[in-house]
Every structure is written in structure tokens, then in C-alpha cells.
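As given, the protein sequences belong to chains W and R, one line each in that order.
Each residue of the first sequence is one higher than the last, beginning at 28 in the working numbering.
Each residue of the second sequence is one higher than the last, beginning at 28 in the working numbering.
Take the hints with a grain of salt, since some may be wrong.
Copies of the same chain look alike in the list, so a pair counts if it works inside one copy or between any two.
Lysine to aspartate or glutamate pairs mimicking DMTMM-like chemistry, simulated, CA-CA at most 20 Å apart [claimed, not checked]:
| id | residue 1 | residue 2 |
| --- | --- | --- |
| 1 | Lys517 | Asp244 |
| 2 | Lys450 | Glu90 |
| 3 | Lys354 | Glu248 |
| 4 | Lys98 | Glu195 |
| 5 | Lys355 | Asp623 |
| 6 | Lys354 | Glu195 |
| 7 | Lys573 | Asp199 |
| 8 | Lys85 | Glu282 |
| 9 | Lys209 | Glu310 |
Keep in mind the hints are simulated off the structure, nothing from the lab.
Number of protein chains: 2
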Amino acid sequence: MAQLIADRRDIDFVLFEQLKIQELSNHERFSEFNRKTIDLIVSEARKLAIREILPTQKISDEEGVRFDGGKVTVPESFHRVYQLFTEGEWLAMAEDPKWGGQGMPQTAALAAADYFNGANYGFMMYPGLTHGAGKLVESFGTEKQKNLFLKNLYTGKWTGTMLLTEPEAGSDVGALTARALKNPDGTYSITGNKIFISSGEHDLVENIIHPVLARIDGAPEGTKGISLFLVPKIRVNDDGTPGEFNDVVCTGIEEKMGLHANATCSLTLGGNGNCIGTLLGEENKGMAAMFLMMNEARLLVGHQAFCCASASYLYAVNYARQRIQGKKLGASKDSPGVPIMMHPDVRRQLITMKAYVEGMRSLLYFISYCQDMTKVTDNLDEKEKYEAMIEVLTPIAKGYVSDRAFEMCNHGLQVYGGYGFIKDYPMEQLVRDCRITMIYEGTNGIQAMDLLGRKLGLKNGKAVMDVFAKMAHTGAKARAVDNIKNIAQKFENALSRLGEVAAHMANSAMSPDFEKAFAFAYPFMEVTGDVVMAWMLLWRATIAAKSLIEKPRHQVDFYAGQIKTAEYFIHNVLPVCLGKMDTILESNNAVMEISDAGFGGS
Amino acid sequence: MAQLIADRRDIDFVLFEQLKIQELSNHERFSEFNRKTIDLIVSEARKLAIREILPTQKISDEEGVRFDGGKVTVPESFHRVYQLFTEGEWLAMAEDPKWGGQGMPQTAALAAADYFNGANYGFMMYPGLTHGAGKLVESFGTEKQKNLFLKNLYTGKWTGTMLLTEPEAGSDVGALTARALKNPDGTYSITGNKIFISSGEHDLVENIIHPVLARIDGAPEGTKGISLFLVPKIRVNDDGTPGEFNDVVCTGIEEKMGLHANATCSLTLGGNGNCIGTLLGEENKGMAAMFLMMNEARLLVGHQAFCCASASYLYAVNYARQRIQGKKLGASKDSPGVPIMMHPDVRRQLITMKAYVEGMRSLLYFISYCQDMTKVTDNLDEKEKYEAMIEVLTPIAKGYVSDRAFEMCNHGLQVYGGYGFIKDYPMEQLVRDCRITMIYEGTNGIQAMDLLGRKLGLKNGKAVMDVFAKMAHTGAKARAVDNIKNIAQKFENALSRLGEVAAHMANSAMSPDFEKAFAFAYPFMEVTGDVVMAWMLLWRATIAAKSLIEKPRHQVDFYAGQIKTAEYFIHNVLPVCLGKMDTILESNNAVMEISDAGFGGS
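With the rest of the complex left out, here is chain W (with noise of 0.2 Å):
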């Protein structure tokens, strides 16, 4: 089978050399998972997402999604793929099997959504956010709840949205105005307006379960009075059966710069006084349960970027080995014409996309792995220390991760040239489509203002510090490692200045010129994520660089190839990102002092 959407080669590098997943199966949760079954799952996964789901990838993006009388109608071939896909049992994979999932290790489970998200993340959006629904009132729903919702959401039976967004309350969650009233039956009459809603409205199952955010009567202004409650679009009878329509309307979908197979609805609720809701969690704890599934949903998103550029690499990379056009450089004039792959400047973009792509494939798998052992430690401050390492790094994976996979799947399209701009061909799609992620789930804005604000200071900076630690230990690593020492060491020298960098924002975040921090929350976000990705990289070539000494002979290209991609990202982006760190430090502060006046414009 071709490689398409996820180079396999990678996948299992990343899986079985560099994470070692396959000891995960030493602990009795993940058993059953060895290195064997995860071949097989992967590529099952594979399988599926190659010949069935990406057919629908080009189809679904010109058919759209049609809007009709408060129907919804999704591109027609998406009810096989979505049979398909839930009779496979993929939307739960790393969930608990009682409830419907598979109970597998989520890197595992991350490796398959390689290829569903890759070859159609427009309909992976649809299981995508009924997973995290799931989650939702997995983690936060009565017994009740869970047995009437839960297992129908784990295996596609119903799907799942998430609503926050209105039209005034977008960045900011608390300006919402939907509405709770309790009722003398312990549930609560909602009414609202949301906007924005992915999957909100469709006509693939019978039945769309909401977790809304809305304010009960008389609850405090702001994000300290906000709840969450479980909101079906047709009510469920206690013992399972569908009952009367719940008055949860959608009165329009998005025209969009992208992702027109999936519907972004805007939703009344209550709008004829008859939608009822129950308590999800407790009251005037909406926040806190919303940021659980927010975290989830930005690695998500970040997933989704990184899927979008992992297949724009793929395409460029086997694109630019047939195109021929131009002679070699420096060739005489009468030679024939070259694959454009041998062109210093093409080769130049490709392998800044192997860098990149290479890179958030290990951040996000180790975000994943960094899951899984939280679940199979039994040591809690191992544990904690895990969990809190993910919280750092999930604005890096979604800020940066998706506004470097925008850019690589720009570098994708102009490796087509011409081509890349026309409908053909699937580069201008994995654009489009991958726009999007820099902006839902916490503009990425939001992000690096997470990033600095919250998890910089996270118990009291430990959190950073253990990444820090678990950075320099792939730094020392690498240095006594031959022919990577160099390379090691500009890491290292990189990691140090970060370190610099990041008491210097610390300090700066608390001092009264707080605001002037905050301007630079964006480059600090940036330059953290350069050196992340330099730690990845680097880890990846040590192993690489050990791999040749060990076995010579065996898949030299593969292993020296990661060798020089870290090579390259090392001495090509790091100075750059050196030079990103100067900024930070000097904080020159001409973004606060200009007028608004001075802006122009009106």
C-alpha cells in the first residue's frame, strides 16, 4: 500500500523505537497490547481510512454540507464510511470497554487516528466530538447518565458536540447568556442561542446528545456562575427509548473557508419554552468540567493540524520524486529534465516539512504516551508529574503545533506549484481545512496566553522545570553520542537560553508591566515550541545514530535521514529561534506604547 496521510516507517518508529509502547503491555491494563496487536490495529486502521474514508475526502468538500427547514443533510457518502468506521469500534479505542470502548493504550489509538484524521478530518469531526462528549459525562455523569448516554456515544449510536461559543461570548466563555431554570423535577429548562457548533445539527444517527454551558437563575456573573448540563436533541426515556423532540433548533450552518463536510450550526435551545436539560457535574461548576474536555479537545485539534501536514508532506514528497521539470543545477543546457526533487530549494521545503512533521508526530504521541503511564503508574508523583507535564505541553500542541502545520501544508501546495492551487489536487484542501485549527478550541492567541499565564507558573514552575529536566536529559544523552555531539550541543546551548527566557517572562508576567509579558506571550510560545521540536528531533537521532552503529546495514536511509533532518532543524531553525529569544529578553515594548490612534485605519 502506498504511502499516504502517515508515512508507516515513522509511525512505528515513533511507536516502537523512541516510545516503546509495546512495554506498556508489561502492565495488566494494556495486557492484551502488544507489539503484535498493535501492528494489526494500525493497520486495520490503515486499511479503512485508505480505501474508504479518504475516497470521500475531495467529494465531501465540493457536495458540502446542505441546510434545509432546520435539517441538515451531511455529504451523502458519508453514511457508509460513518457505518464503516463505527461498526470497526474506532471512536472509543482508548476507552474503558464497559462503556463501549477498547480499553488500548491512546498511543495506539493516536497512531490509527493518523490515518482517520488524515484522510478526512471533515468527517472524523463527527466521531471526533461525540468521543469527547463521552468523555464528558464519563468523567462527570451520574450512574444514570451514564448508563442512558454513555455507551450510545462510545460506539457512534448517537453523536456528541459541545456547546459554548454565542455570538458575544466567544475568547470570552463567561460573557455567555443561555439560560438554566430548575424545574421541580431536579432537571432545568434551557434557553439559548449557540453558535459555532461542530456537528450540531446532521442527519447520520438518530439522535445528537449536547453538553451545554449555560447560567442558572440567579448565579454569579462571569465564568464563576456558569453550569453545564446534558441537553439531548430528542429526550431519552428512562429505559433507553427515544422520546417527544426536546426543542433544540438549528437555524443555519457556516459557509467556510474550509471543512465543508462538517456542519457548523448555530442552535436555539428553548426556543419554544421545551428544552430540558440535566446537571452535568454540579452546579456552577461548568468551568471547571469544560476545561477537561477542552484539554482534550485541543490535543485534539492539534492532532487534526498535524494530520493535515503529515498528508501534505506525503503528497509533496511522492509528488516531487515524478514531476520533472528543469534541468539539474549547473547542468549544460542540453540535459534532460530532473525530477524536481533534486532542486536544492524544493529538497529545502520538503525537508522542512519532515522536520516539522516528524517532530509534532513524537510531541503528540509523547503527550499520548504521557497519558498512559498516568494510567498504569502507580507511583503518584510520577503520576502527577506526568499530568502535569501534559498541561504544559497541550498549548504547545495545539498553538504551535497547528500553526506549523498551516504552514507546512503551504509548503506542501507550493511544492505542486500551479497545481497546488487548483481542486485537482489535494494540497489547497489540507489548507483550507487545516486553517481552522489555529483558531477553534482557544485561538491560539488563547493559547500562548495558557502557556504563560497558567502553566509557566504551574506548581510553582515545577511542571516546566520537569520538561526542562526531561529535555536536557535527551541533550546529555545525545552528546555522548559520536557523530550527533554537535548537534547535541546547540540543543543544549538552546534549552539553556530557553531557560533564561522563561524566568525572564515569569518574572515579567507578575510585575506591574504584566501587560508588555503578555505581548510577548506569542514569541514565547513560538520559541518554546522550536526547542521542543529540536528536543524530538533529537531524540529521534539518537536512537537513529545508535540504530547505525548497532545494525550497519539495516534501513541506513531511514535512520540517516532522521540524523539529518535534526541536523537541519537544528542548525536552521534554532538560531533563528535564538534570535526570536533576544527579543523576548530585551522586551522592547513599541506594541503597548503605540496609540490606538496610531494604528490608522477607521
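Dock chain R against chain W, hints included.
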């Protein structure tokens, strides 16, 4: 009138304070174009653009271009605006009045074009390419060709195109296979298939004039054997009346990521053996002629990209003033929401956009100004100097500017948050439309190779040295002004470092390791572009600082904003650029050393 598309104050600043183009009227050629006249021209262009062209932008994107049985139908709204545009005589503003032009300075024409291209550049492709085709006829045509075609092109009675690309001849123009066979009457019978022809067929006007690259039977292989022909869609009789159909058949149009309003056509010439063209210029000298047009076209493309960014910036800054979301950073929980312009990270995005948009405007206007100067100077040395400066700056104006313009459009989209991704707002279309500017008229990779391979060595390096000297002059002047001394110094340091980088690249490109040099062609274009931006912003700041001293209460926000913008760029972008210069000087060769198989995929 609202500040839409382009900031009028900023346009006036560049025209009359930075470049002082009113002084061009001291020369007889431009004696009619004093400040008042130019003011009036820009005002009229702005009015037409905002009132008539801008309303077609979104609807023409949605409606697109239709193809049916060889016929292409443009968006319905274009017929009226095309008529208004040509009646207003806006198509050939800077060309010879003898042939239907208006004879105005190129710089003034460009200012007017800011509004036109920003209002709907898909529409402007029809008159834009017409102008380019006219220029070819004016430069290389016989008197007969001029009489038959030129005035009808410059007045927009007919439109024009540019037929280079074939399926297997994109970046490698020399690989083209279109053929020309000389007829006994001196005309040529043309056969071939051309693709990606912007405005190649449509229903706006009665005739379309195609300059076509083809190879005369028996001519040498490669670029040396290429000739240029003038091929009308409808033949033109010697008395100017329309003759028979010239066998130029549109076989299809492309579905594209953006620029939906413009027809991107596949054309078959002489499919029925009945396509006649006349030689334009000399046999086998087609490439040289085409390069003249391509240089103009590249500047146009840079301007198209810039106009998207300019429009995006004004939308973003106006939106950020109105959109209320979130409290002021650090404000108490019950504080009211504030315009997002008050959030540091939004300001960071806006000042980034402002810096690039203004720097790009100055650069593009400066190049036009150089063009004007070549027309009025009596000093041959000076004329050559201006011409060489234009040549050196052209790849920056196309390659660097379109890269950064696309990035700025993305910032603009991001400022809108979720609203940026939906089609109710203009932001996503600007991103989609802008994307092609990085590709057509030579991909930006080709521009980078042009800068390194052709322009760096032009006149033995003197051309580049002259640009450097001009930049150094700005630095020295700025250093003498008190409150910008510090940024002047930083600029001068970066300029001096760029000198080292240029010398390194020049040597390296001529060494046996030239492939490695070309792997750094792109970063070299980027750092050169960064320094050019800083140059322009420092130049602006110098004028602004003097104005603040001379007229201390006059437009303080505007002038102080200029200084803050330069300060932002020089403090925050130049250090990153210096980091990139380090990588160029080091020139790690991983890009060329990694094996083809090492890229994975296949």
C-alpha cells in the same frame, strides 16, 4: 469615506512626504501632475473602487466563472464595472497618451491601483493582463501591429493575456512544445496547448489578444529557440475590422482555491489548423521579450499580494476597535468587556500587519518611483542605476512581498477569530485569493534563484551595491535624528551583516558547492527582504521624527505611530533575521546531504 482597502493617509505619506512625487511635475513629461492633480486621481480611483468594484468582490467569488461549450462567462456584475473602469480610462494610467494611456507617473498610478486591486483583484486580472499584453506590443510591435492592437488594448476595448505555460513546461519555460510554421505571407501558423491562462477566454469584450510563446519549426531546443507571436482570438483585418475566428479554443477552466472571479483557461491553438499569428519582435528572441513583460508582471503580482494584505489590515484594525470581548488584562472580575484592540496579543498582530503593509507600500512605490525617474533623468548613469535598482528589488517585490502578504492576510483572519473563517466576512477570501501570488509569474523559489543567480552578480555586483548604498544613506540620516538613533544603529548593524551574507552567497554560488548555495537562496531572499522592510520603515520614521519636531502638535498619532512601527520591526524582526543570517553564513548542508530515500514516503 471609511478607511477601507488602503489607508489614504498612508498613501499620501509615501507619495508626498517620503518620495515627494509632486516634484516629478518639475519635469516636462509629468508637468501636468502636480500634487493637486495626483490627489484628485487617487480620490477618484478610491471612489470608483469602494463604491463600484468592492461590492463585486464577494459575489464574484461565490458566482465564479462558468465554462460551457468553449464559452466562458464572467460574474455578471463585471460587465458594468469593466465599463466604468475603461470609461474612466484607468487601464493604462502611466502609458503614452498616443496609444490611449494617461501619461501619469507610475507611482501615482500605483497608488490608484492600491484601491483597484484591493477592491477585487480577481476582476482586476482582466485589465491588468491587458495592460501587460499592450506593453509587449508597444515595446516589440511593428507600426502595423501597434496600430491594429495597441490602442484597443490600452483603452480596454479588447483584453490581453500571456501564453507561456504548458502542462510539461511550467517553471521550465524552455521545455515548451507549441509550434509555429512560417507561411508564405510572413505570418505563422500556430499549434499548441497552453494552460493556466488567466483571462484566457471570457465574455467581457469582443476580442482577446494573446502574446504566445512558441518554437518556429527548426529552431533550437530550449529557451534559445523560442519566439513570441501575437495571436488574436478573432483575426483583425488591415482596416481594423474583425475577421474570422482564429481557432483559439478554450477547452476548460480550472477550479481553484481562490481567485474564483478570474478565468484560468486551457487553450488549444490551431486545433483545426487555422490559427494565425504574427511575429512580435525577432525570431528566437521570444524569451528576452517575455522577460520584459514578466518583470512588469512580477511587480504587478507583488502589488496584488500587497493589496490583499493592505485590505486585510484595515478590516482587522477596524474590527479590533469594535469587537468587545474579554476584560482588560489584569482588570477585576466585574470589569466590563473591552475592544479586543486593547489585548496585547491582538495589538502584536496588528502592529505586525501595520509594519509589513507600510513597509511593502513604501517598497513598491519606491520601485515605481525608480521607473518614473528612468523616464525623466537626462543622466545616463543615473538612469542605469535606477534600472538596476528595479531589477535587484523585483524578486523581493514579488517573492518576499507575496510571502509576507499572505502571512499578513492570515493574521488579519486570525484577528477575527472564528468569524475570520466564515464567508460572511472578507478575511478568508483575501487569504485564498492572495495564495496564488506566491506561485504565478515564477514561484517564489524561482524569485529566490533570480536574486541569487542573476541579480546578485548584475553589473559585477554594482547593482546590489547601489541598493546597499541607498540603504546605508537612510541609516546615516536616521542616525543623526535624536529619538531614532538607537534603531538606526540596529538597522546599520543588520545592513552590514547582510553585506557579509551577500558576499558569502556570491562566492558560494560560484564555487563547486553551488548547490549548497542555492539551498540557501530562499533564506537569502528572506533576510534581504527583512532588511529592505527595515530600511523603508526607518526611512519613514526619519521623516516622521522630523515632522514631530517641526510641527509638534500636527498629526502626532500618525507620526509617532510611524516611529513606533519602525521600532517594533527593528527590535522584533531584525534580531530574528540576524539569526537567519547566521544560518546562511554557516550553511549546513543537510538539505543536499540527505539521501532521496531518506525522505521516506513512496
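Outcome of the hint check:
Proximity of lysine 517 to aspartate 244 under the C-alpha cut-off of 20 Å is found in neither arrangement, the shortest distances being 58 Å within a copy and 58 Å between copies. For the homomeric pair lysine 450 and glutamate 90, the shortest alpha-carbon distances inside one copy (13 Å) and between copies (17 Å) are both at most 20 Å. Taking the shortest alpha-carbon separations for lysine 354 and glutamate 248, only the inter-copy value of 13 Å comes in at or below 20 Å, while the best intra-copy value is 67 Å. In this homomeric assembly, lysine 98 and glutamate 195 never come within 20 Å of each other (Cα to Cα): the closest approach is 25 Å inside a single copy and 47 Å across copies.
Taking the shortest alpha-carbon separations for lysine 355 and aspartate 623, only the inter-copy value of 15 Å comes in at or below 20 Å, while the best intra-copy value is 53 Å. Taking identical chains as interchangeable, the C-alpha atoms of lysine 354 and glutamate 195 lie at most 20 Å apart only when they sit on different chains, with a minimum of 13 Å there against 57 Å within one chain. For the homomeric pair lysine 573 and aspartate 199, neither the shortest alpha-carbon distance inside one copy (49 Å) nor that between copies (43 Å) is at most 20 Å. Proximity of lysine 85 and glutamate 282 under a CA criterion of 20 Å is satisfied in both settings, with 17 Å inside one chain copy and 12 Å between copies.
In this assembly of identical chains, the alpha carbons of lysine 209 and glutamate 310 lie at most 20 Å apart only when taken from the same copy (11 Å versus 87 Å across copies).
Hint compliance for this structure: hints 1, 4 and 7 are broken, all remaining hints hold.
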